[in-house]
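In the order they appear, the protein sequences are chains A and B.
At position 407 of the first sequence (counting the first as 1) the number is 1298 in the working numbering, and the numbers step up by one without a gap.
At position 87 of the second sequence (counting the first as 1) the number is 165 in the working numbering, and the numbers step up by one without a gap.
Hints were generated in silico from the structure; no laboratory data involved.
Worth double-checking, as some hints may not be accurate.
[As the list claims (entries may be wrong)] Reference listing, derived: stretches of chain B covered by chain A, where coverage requires no fewer than 3 residues with Cβ under 8 Å from a Cβ of chain A:
1. 106–113
2. 157–170
3. 173–185
Using N, Cα and C, we set each Cβ at its ideal position, and we do this for glycine too.
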Amino acid sequence: MIESLVLIVPLAWRNLLRNRRRSLITFIVVIIGMYSILFFNSLLNAWAQSTRNATLDLMTGSAQIHARGYLNDPTIAHVMPFPGTTLQHILSAPGVTWAARVRVPAIVQSEYKLLPVTLTGVMPAQEMKISTIPHAIVEGQYLANPSDNGIIIGRHLAQRLKTRVGKHVIVMSQSRDGANQEQSYTVEGLFAGNKAAEDDFIFTGLATAQHMLNLGGNISEISFKSSDAQLPSVIATLQKADPSLDVRSWQSLSPFTAATDQFMHGFTLIWSIIMFVLMAIGIVNTQLMTVIERVREFGLLRAIGMKPALILLQVIVESCLLTGAGVIAGAAGCVVTIQQLHNGIDLSFLARGAEFFGAGHVLYLHVIFQQVLVFTLLVWSFGVLVTLWPAVKAAHANPVEAMNHAA
Amino acid sequence: MRRDQNADGASIIVSCRDISKTYPGAVPVRALNGVDISIRRGDFASLAGPSGSGKTTLLNMIGGLDRPSNGHVLIDNDDLVQLNNNELTGLRLHKIGFVFQAYNLIPVLSALENVEFILRLQNVPARQRRERSMKALADVGLSGMEARRPGHLSGGQQQRVAVARALVARPAIVLADEPTANLDSKSAEELIDLMDQLNQTAGMTFLIGTHDPRVINRTRRHIAMTDGRITADEYRH
């Protein structure tokens, strides 16, 4: 085999250089195809990630813990104690961040208007780690601590209530004993997010909300974040630690986001297949030409005593060298491009469109080396595979007929 | 008398026994019709006849490039009809040298590499390979042109490289199909001289399919074909 390769490889290399234009075209087709598959795959993955994060980073997190029944009836009736030592230990694992909240339906009233909202009592320091809202204050400031008795409302809600930072609003909700409670809050800050979030959520300190609603130390939910890989085991451990609690992943909490995520992955796959097919057509075309144009030559090689297997090997080696070089160049080019874009692609020029699709303004592309490897091998193998049929035909052609073949 | 010897004791390299070849089609074409012929070691023979007489078909049968519809072709007592494709390929590699009308050199290899290529297929050691190829090129008068690729050689020179390639493997017979057809007069004369010389000095056996009178007049055996049959076969001294 090695002797055959020593004979064939230099011959194959020279054959590639013999028709430089065609080799160059094939090389470029493979580069563009490989680059496009990897780059757009990465871009669409980043888009999917951004869309997902834009939703999950708002409030949901990677998963949430509630008292059983809360998700069907998210009111003051279904609360749970602040996490004890065991849960806190699990939630303090490396890579996991969490925050406890009180979250109840409420009504907010200004001197002009009265609107339904969700009152959320938060631990500001923890909230900073898992939610984007504390970082989205556009006027005033965020809450200082769990006992802060100010309130943060959305910018759009403020417009609807005709209120502003420094003014007072009344928040009404039902306390644990069933009594209606109301409390006056000073608007401390306005946050900007998506319109639905701006209209729906108002935030105060956790202790302040607990006091107003007569909850004692109880809370409505714990939201936590972890890596995708880590998430299932964290959920399982939490559920095992306290089976009375309802621990759910973001897919279960936000089915629309999960469906969108799945759709994006499906779209990415379809895109990759389309690019792959386009590139395949280019490769098949040029490789077929390469073989058909040289039928006479293969006939000669057969006539002077070259075995069909060696002719087949020659065509495969040519394809291997050409496709391999294109695949590697395309993959390398894409990796370099993505690394150059480490600051992200700023989509603010189409911010409204991006927002419509739920994505952030900046997309962060990542090189997934496993993906690069898989696509590299896939495209390379395919490039070689498509030459097999014409190569087998050429290798087994009758020498006389082959040599009489019009060039 | 041995099977591979004829009546006057010369060893027979090629023996065609009643071979026929019919190409199928809407109107089947009978290219060879009961051909019986033997080629002896050392023959310098021309196979002449008008176009369509069956010269090339017969050369293809003898060269193991095609199979007869009927009859037997024996090369050094190997019956080509009995051999499978791989065995035929091996036989072509080791026992037959080809010179084609269109030179048919490998365009990406130099003259030396073209000649050497046959020996590489035969797994001849590198040093021996190089020495034999250089000598073969020297024998055909192409010393100093070893590194040139076919595109940088004249037609005559390319045909000389093809002859060197045919000879270097020391085949039992060299089959040449219209070797002078694409050459100018001077190159054609030189090629004929070269083949004659190789026959006389090295004892190389040649069977040359041609209708070039210059070739026919120089060969010492003349075989004539018409309509797929041998119509004349004579030695001239």
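Structure-based check of each hint:
no., hint, result
1, 106–113, "violated (count 0)"
2, 157–170, "holds (count 5)"
3, 173–185, "holds (count 5)"
The structure does not agree with numbered hint 1 stated previously, though it agrees with all others.
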